[in-house]
Amino acid sequence: MKFGVITFPGSNCDQDMVYTLESMLDQTVEKLWHKDPDLKGVDFVILPGGFSYGDYLRSGAIASFSPIMQSVIEHANKGGYVMGICNGYQMLTETNLLGGALLHNDSQKFICKNVYLKPVSKSAIITQDLNVEETYKIPIAHGEGRFFINEDGLKELQDNDQILFQYANEAGLVDDTTNPNGSIFNIAGTTNKTKNVFGMMPHPERAVDPNLGNLDGRKLFKSILDNLV
Amino acid sequence: MEKNTQELATLEQATTLGLLPEEFEQIKSILGRTPNFTEMSVYSVMWSEHCSYKNSIAWLKKLPKDGPHMLVKAGEENAGLVDIGDGVGCVFKIESHNHPSALEPYQGAATGVGGINRDIFTMGARPIAQLNSLRFGEIEKDRTKWLVKGVVKGIGDYGNSFGVPIIGGELMFDKCYNTNPLVNAFSAGILEGKMISATASGPGNPVYIVGSATGKDGIAGAAFASKDITAESADDLPSVQVGDPFQEKLLLEASLELAKTDAVVGMQDMGAAGITCSSCEMSAAGNVGMDIDLSKVPTRQSDMKDWEILLSESQERMLVVIEKGKEKIVEDIFEKWDLHAVEIGVVTEGGTINYFMNGEKVATVPAESLVLGGGAPVYHREYTEPAYFQEFKKFNIDDVEEPSDLKEVAVKLIQNPNIASKRWVYEQYDSMVGTRTMTTNNPSDAGITNIKDSNRALAMTVDCNSRYVNADPEIGTQIAVSEAARNIVVSGGIPSAVTNCLNFGNPYNPECYWQFVGAIKGMSAACLKFGTPVTGGNVSFYNQTVIDGKEEPVFPTPTIGMIGVVEDKDKIMTMNFKSKGDLIFLVGESKNDISSSEYLVSYHGIEASPAPYFNLDKEFALQETIKSLIKGELINAAHDCADGGLFVSLLEMAMNKDLGFDIVSDSEVREDAFLFGEAQSRVVVTVNEDMEDEFLETMMKQKVPYTLLGHVTKGKICVDDEHFGFVSEMKDIYDHALENALEN
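From first to last, the protein sequence lines stand for chains A and B. In terms of full-length UniProt numbering, the first sequence is residues 1 to 229. In terms of full-length UniProt numbering, the second sequence is residues 1 to 744.
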């Protein structure tokens with residue numbers, strides 16, 4: 001199993017992701033560069049957080065036209081794993097690898113804090129081993145994280161078990177008071193129909209290092225690693 | 001100014017650009033001729049207060065500069081560099097962006113963040129954590145709200161995109177800052193390879209400009225920052241630069257990649273006075289000259305004049321001297337990051353800088369004559385003690401009636417914007433990018449950032465209670481240094497070194513200058529005591545505000561940025577109560593003192609009082625005691641008493657885990673002073689019941705007084721058996737007060 005972490009100009013969580021995978025989770029990581037379409041034989045592509053191309057125009061919009069993205073789309077369409085976190089999630093919706101869109105937070109402010117996630121999907125490898133009765137403390141840090149999708153799209157996500165996480169409180173309550181950004185149905189992450197492309201706004205890589213006092217993100221990565229095929 | 005820039009400058013032009021008549025004469029005598037307009041423009045910015053420190057340098061030289069961990073001398077490079085052990089070098093600095101932020105808060109604050117970070121990575125260090133220290137006027141004013149929102153968004157948008165976490169800071173409101181807010185930004189980085197010096201050397205080596213193109217923004221911003229803010233200041237809007245964090249992020253990565261090669265000889269970022277300052281300072285530092293062709297500089301606008309290119313403060317640019325023959329290395333790296341890297345000149349023998357435009361020489365200046373430590377003027381200003389100083393000392397606590405309902409006082413105080421939670425601000429900042437911030441989930445008094453793959457961590461803090469400094473500049477500044485050291489010590493760190501940001505009024509006003517001199521004396525004494533040399537920083541004069549139609553300086557505000565080393569990450573001390581039943585002790589002494597407290601000012605409306613009780617030797621002893629308690633693993637939480645006094649400290653310790661406290665007051669001290677007074681050198685610690693004997697045994701060997709206050713409860717707050725409410729209620733008020741004040 002080989003992970004690939006792509007650096008776009010303006011990515012700022014790429015090095016965090018590499019550190020987490022290599023030093024904390026003992027995985028093999030290939031650092032990929034946006035100008036080079038070669039995925040170097042990686043099995044699992046990660047689009048990291050940050051402000052690719054300054055997030056000018058619209059978050060993730062320009063990155064979706066980056067030379068490497070055509071390879072990522074081909075990889076995903078062949079069933080290869082792709083995961084986008086924060087800005088990476090925005091790229092996945094911009095390239096239509098995932099449905100919906102990520103809009104400005106309803107507060108119109110950037111928000112950085114710990115939130116609690118309630119896992120939903122039972123069929124995606126990232127949530128498979130998580131307990132739906134529990135919540136997981138994972139930080140968010142975004143200005144444009146309000147997930148939106150039309151009614152039909154939402155129904156499709158629900159029918160196909162494509163919702164990965166909902167914003168909740170520690171006790172698992174999911175409602176407007178536990179929604180940090182106004183996302184529809186409190187959605188914090190989604191997957192595609194074939195469950196090989198994952199997107200989420202929260203940053204699990206920020207909750208893996210014991211030095212940081214929060215290990216909940218480790219559980220998400222462990223679920224991925226234990227269920228990879 | 002549509003003129004032939006080669007015409008000889010006149011005295012009138014010189015004074016318009018901010019030079020004094022005697023300075024104009026001095027320029028003529030240095031050059032042995034009358035400068036042309038372009039040359040005079042160069043002198044006017046290089047000799048501005050902002051670049052030359054001409055009114056402060058004589059006193060700054062008196063600050064303690066030597067310490068065992070210093071790797072470069074103070075002021076020699078863009079930022080201070082200290083050894084934090086295990087072969088890791090830490091580069092850190094604080095800088096003000098007050099004047100731009102007063103006019104255009106969003107861009108003013110954003111470019112402040114950009115500038116301070118460039119100072120770090122131009123030395124080859126990767127910035128890993130930021131702090132900021134912000135001061136605004138009365139929160140009720142619409143202008144204040146506009147400034148706060150703009151500044152916070154500017155800092156957030158720039159820092160979040162750039163990708164360096166903000167892990168702490170301070171925020172204060174007072175009417176003295178109504179016109180002139182203070183925006184001080186701190187950044188710390190870790191050297192990834194060798195240090196890159198801001199020195200040019202090797203005649204024949206090419207000089208490159210890298211990064212963004214040069215535009216007309218921020219022309220002569222340094223001269224602007226050296227003037228009083230007045231009603232006409234809005235006309236100076238073109239003096240405010242525009243920032244692009246995306247370009248800065250690319251410049252960071254490209255610069256650090258460059259620093260790892262052997263191609264770079266020297267590098268300096270372009271901040272104040274742009275190409276002028278970087279070329280002069282790098283040349284003067286290396287005793288060389290340069291020939292610079294301004295027509296080769298990539299520009300954003302066509303037809304830029306030579307002096308506009310020289311003085312532009314466009315952001316996200318660097319001047320780099322490359323070893324001849326290694327040009328391709330540089331060009332390839334910047335090509336990779338889609339940035340300009342253009343050869344604009346060459347290093348020459350001798351100390352003369354020649355600027356050319358379209359093949360014609362437009363200016364010739366001796367580099368040394370322009371820079372601080374060289375030919376830039378040095379002034380010794382007059383100073384006199386203002387009348388208020390003695391007046392404030394007449395304050396007597398007995399003249400203040402003690403309120404009957406102290407619970408009501410407590411509830412009011414925790415809603416005070418100077419005391420209430422700063423959550424509204426810090427949630428707009430990415431505090432966790434980099435996966436190094438250790439104090440997000442386990443809060444301490446100082447921000448702590450992990451040094452990956454080592455047993456060490458870096459603690460940092462910015463502190464200054466400017467009300468204390470106003471009341472007594474010397475004592476107040478000793479307190480600022482002490483509080484910074486205390487915050488690091490109670491977090492489990494050892495204070496290492498200081499950077500300062502000296503925000504004062506007009507230096508030509510002798511009473512302002514008296515405050516400045518007092519602050520320097522106080523800082524020197526305290527920094528010597530704690531062994532924390534001053535590695536650098538900046539001075540911002542001309543901060544004043546209009547009160548009742550009269551110009552009044554802001555409170556003298558010498559912000560202290562301090563770093564400390566945590567040698568063993570397992571010994572980091574957090575500030576939150578751990579469990580019900582833990583014993584609460586006060587280490588230090590309760591005093592019958594409410595001087596300069598938030599309580600005295602906001603509840604009683606009394607502004608005239610001296611600095612709170614403080615004794616430097618006792619403070620030092622207190623910190624040594626706390627160090628030994630942490631080392632001996634005798635306490636499980638520690639938090640110092642600061643703004644709002646003991647009650648606020650206890651509440652801050654309680655809220656994180658929704659625990660409460662039950663305490664008894666001191667019969668020797670008025671209860672309002674006990675709860676809300678801000679006498680210094682006090683730290684609240686909690687002790688697990690099983691550790692009580694060992695704790696007491698250790699404390700008895702110390703000379704520092706201590707008292708048992710009470711114990712941690714499940715959530716109830718009691719003082720002398722009086723029920724003050726539940727922590728959850730208090731927390732709700734404390735958490736939302738600032739948001740309510742700003743948004744409603």
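One or more hints might be untrue.
Listed next, with one range per pair, are the computed distances between beta-carbon atoms [as the list claims (entries may be wrong)]: (1) B:L742 with A:K137: 42 to 50 Å; (2) A:A171 with B:V342: 58 to 66 Å; (3) B:K328 with A:D159: 28 to 36 Å; (4) B:L742 with A:L57: 50 to 58 Å; (5) A:E156 with B:E567: 54 to 62 Å; (6) A:G182 with B:K194: 46 to 54 Å; (7) B:D303 with A:N77: 47 to 55 Å; (8) A:A171 with B:G632: 52 to 60 Å; (9) A:P210 with B:L696: 30 to 38 Å.
With a straight-line Cα cutoff of 20 Å, these simulated SDA-like cross-link-like pairs (lysine to any residue) come out [to be verified]: (10) A:K109 with B:E382; (11) B:K62 with B:E382; (12) B:K657 with B:D568; (13) B:K153 with A:W33; (14) A:K35 with B:E257; (15) A:K109 with B:N576; (16) B:K149 with A:K137; (17) B:K336 with A:D161; (18) A:K113 with B:K153; (19) A:K137 with B:Y426.
Hints in this document: simulated from the structure, not taken from any laboratory. Glycine residues also receive a C-beta, built at the ideal position from the N, C-alpha and C atoms.
Status of the hints after comparison with the structure:
| no. | hint | verdict |
| --- | --- | --- |
| 1 | B:L742 with A:K137: 42 to 50 Å | 28 Å, violated |
| 2 | A:A171 with B:V342: 58 to 66 Å | 59 Å, holds |
| 3 | B:K328 with A:D159: 28 to 36 Å | 58 Å, violated |
| 4 | B:L742 with A:L57: 50 to 58 Å | 30 Å, violated |
| 5 | A:E156 with B:E567: 54 to 62 Å | 55 Å, holds |
| 6 | A:G182 with B:K194: 46 to 54 Å | 48 Å, holds |
| 7 | B:D303 with A:N77: 47 to 55 Å | 51 Å, holds |
| 8 | A:A171 with B:G632: 52 to 60 Å | 38 Å, violated |
| 9 | A:P210 with B:L696: 30 to 38 Å | 33 Å, holds |
| 10 | A:K109 with B:E382 | 48 Å, violated |
| 11 | B:K62 with B:E382 | 17 Å, holds |
| 12 | B:K657 with B:D568 | 25 Å, violated |
| 13 | B:K153 with A:W33 | 31 Å, violated |
| 14 | A:K35 with B:E257 | 17 Å, holds |
| 15 | A:K109 with B:N576 | 28 Å, violated |
| 16 | B:K149 with A:K137 | 29 Å, violated |
| 17 | B:K336 with A:D161 | 42 Å, violated |
| 18 | A:K113 with B:K153 | 16 Å, holds |
| 19 | A:K137 with B:Y426 | 19 Å, holds |
The structure does not agree with the numbered hints 1, 3, 4, 8, 10, 12, 13, 15, 16 and 17 stated previously, though it agrees with the rest.
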